[in-house]
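Asks: One letter stands for each residue in the lines below.
2 protein chains.
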Amino acid sequence: MPLDELSIIDRFFRPLAGEGAYGLLDDAGSIAVPDDSDLVVSTDMVAESVHFLPGDPPGTVAQKALRVNLSDLAAKGARPLCYTLSLGVSRKVDERWLASFADGLRCDQEAFGLSLLGGDTVGVLGGVVASITAFGLAPKGRMVHRMGGSPGDALFVSGTCGRSNIGLAILKHEPGPWDALSPDERAGLVESYRVPDPRVALAHVLAELAAAAMDVSDGLVGDCDKLAVASGCSATIDADKVPFAMKVGNDAAFAARLLSGGEDYEILAAISPTNEGQFRAAAHAAGVPVARIGTLTPGNAPSRVLFKGAPLRLSRRAYIHGAT
Amino acid sequence: MPLDELSIIDRFFRPLAGEGAYGLLDDAGSIAVPDDSDLVVSTDMVAESVHFLPGDPPGTVAQKALRVNLSDLAAKGARPLCYTLSLGVSRKVDERWLASFADGLRCDQEAFGLSLLGGDTVGVLGGVVASITAFGLAPKGRMVHRMGGSPGDALFVSGTCGRSNIGLAILKHEPGPWDALSPDERAGLVESYRVPDPRVALAHVLAELAAAAMDVSDGLVGDCDKLAVASGCSATIDADKVPFAMKVGNDAAFAARLLSGGEDYEILAAISPTNEGQFRAAAHAAGVPVARIGTLTPGNAPSRVLFKGAPLRLSRRAYIHGAT
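As you go down the protein sequences, you meet chains A and B in turn. Count along the first sequence from 1, add 136, and you get the number used in the working numbering. Count along the second sequence from 1, add 136, and you get the number used in the working numbering.
It is worth saying that the hints were derived from the structure and are not from the lab. Only a predicted model underlies this, so the values are computations on that prediction, with no experimental measurement involved. Note that the Cβ used here is the ideal one computed from N, Cα and C, for glycine as well. Some hints here could point you the wrong way.
To be verified - Residues from chain B that keep clear of chain A, each with C-beta distances beyond 10 Å, as calculated:
hint : residue
1    : E155
2    : V169
3    : E310
4    : D315
5    : P379
6    : G385
7    : A437
8    : A446
As the list claims (entries may be wrong) - Per the computed footprint, the stretches of chain B lying under chain A, defined by three or more beta-carbons under 8 Å from a beta-carbon of chain A, are:
hint : segment
9    : 173-186
10   : 207-219
11   : 263-270
Excised from the complex, chain A in its bound form (with noise of 0.2 Å):
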């Protein structure tokens, strides 16, 4: 890397950088928090040959950092404010590379509304990988928490399911019935891997109206499990109402694969009866779609998922990464 940590500041970051960050010229940031606020904070690393694959485009491997980060916030009802970075840079990083990364990062900046607070740039031996910590601000004591469901509740999940897993299964050149997609739909799947939507919109919604919310990073149905478990409940799904990326039909390797694959950054959110709709009205206003796609039950069994009636059966319930 030609390239010293001074320089790549000076060129490519502090452009980014805003209130509290001192232009990266000091040691460290700072950040003020309204007194109607509590101070949110998330955070992720992504890794190449893990979160992101070694071809993809730099702008978009620093948006997925971002963005990963934003979900996160967003179900928890907040909203962004600032972030830090650190960035291990590998040998293949150079000035182009760089402008690019940053380039994602400003993008997100401008379409979501936060900036850059900190960070650091360290020459790594491996591929590159990004930690971000990001900031949010939720109305003061409304923070939603995973636990805080109950028994009746209904579970929504915003956007569809298994977009991400199918992405990375077209980018992996893996046989499925994604090849009878038209090119324009493999890569829009292939985007949705690489740059998830976060949905910052649902976030003033939920802080409002959730009783319990989370992002789905690492499967639908492990995390609904997480978040039954969290609330002292069970679950029950529905899967012929859960908005899947491709149509399923009757194949029930194929949705169970779907409901549990991992990146789907959506949102699932636990609702009560008497909040149902006015959830429903606040979220189409936020121009966010959600579906109801089960219930919370009492008792601490894993959630149970019925597809076509019956109970379908899962090989596995959560996306675990591992190097692809």
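Add chain B to chain A, keeping to what the hints say.
Replies: Just chain B now, kept in the frame of chain A:
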């Protein structure tokens, strides 16, 4: 790596979680900032073969990752509160490694009074990387910046200069004046490279009395340049007043090496003449040795360094981390 992320969190990191971490069972943590404080945020990443050596004990890797951030917080006048950790684990990382790593964190949490707020663990293909974002509280409006110094301010540095530089040379079997030291002295210098000693005890003194401060991580002379530039000043350093880690005698090249070597993690502070006596007394009361090594001067030239009364020739002014 035989362990999945959830098992790693359960076994090694959950016991470290504190207030606002929700037992690491949620998507995000939260930080409550008292009305009389400002939240200060530092982020630093350490990488194998760059900031630590492949054979270093995992506990010291954890401590170094945390302490480089605590050093930044201390320089800004902030006492530690909590931190997030993103850990990239290579294939060599097993249960024993993780237990030792977590134990290093536990020791330092107790020593410095902070807790784990959240984190992320991912497998990486290269060496281990650890990114920590640390949070501290400074008295409201009293965060200390690099800017803020004025011509005539005294420059103080804590501790000694060059311990880590010599420690790394010993670890790398580089021949030098340190060969004449006792085994205990050499072991102490190696320890300084592996586990820096952040000047947390000096934070409240700096918040009260420093015009400007920073931590010395990239070499005393280069960092002095940075503080002077940020303050719109130049500086003079009297190298004969610098408390070196070893006697340098008349060896100008050795003095230059230590003055531009990295990872001291000491504090460089600009103190106005009216505060100088009080600063010396308060630092002494806090148990932190400090020495007056120079003065901020008018102008914008790079810092002048005098050694035995003559200008010292420096082949480099700052330390740039590279693969070792």
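Asks: Which numbered conditions among the earlier hints are violated in the structure presented, ordered from lowest to highest?
Replies: 2
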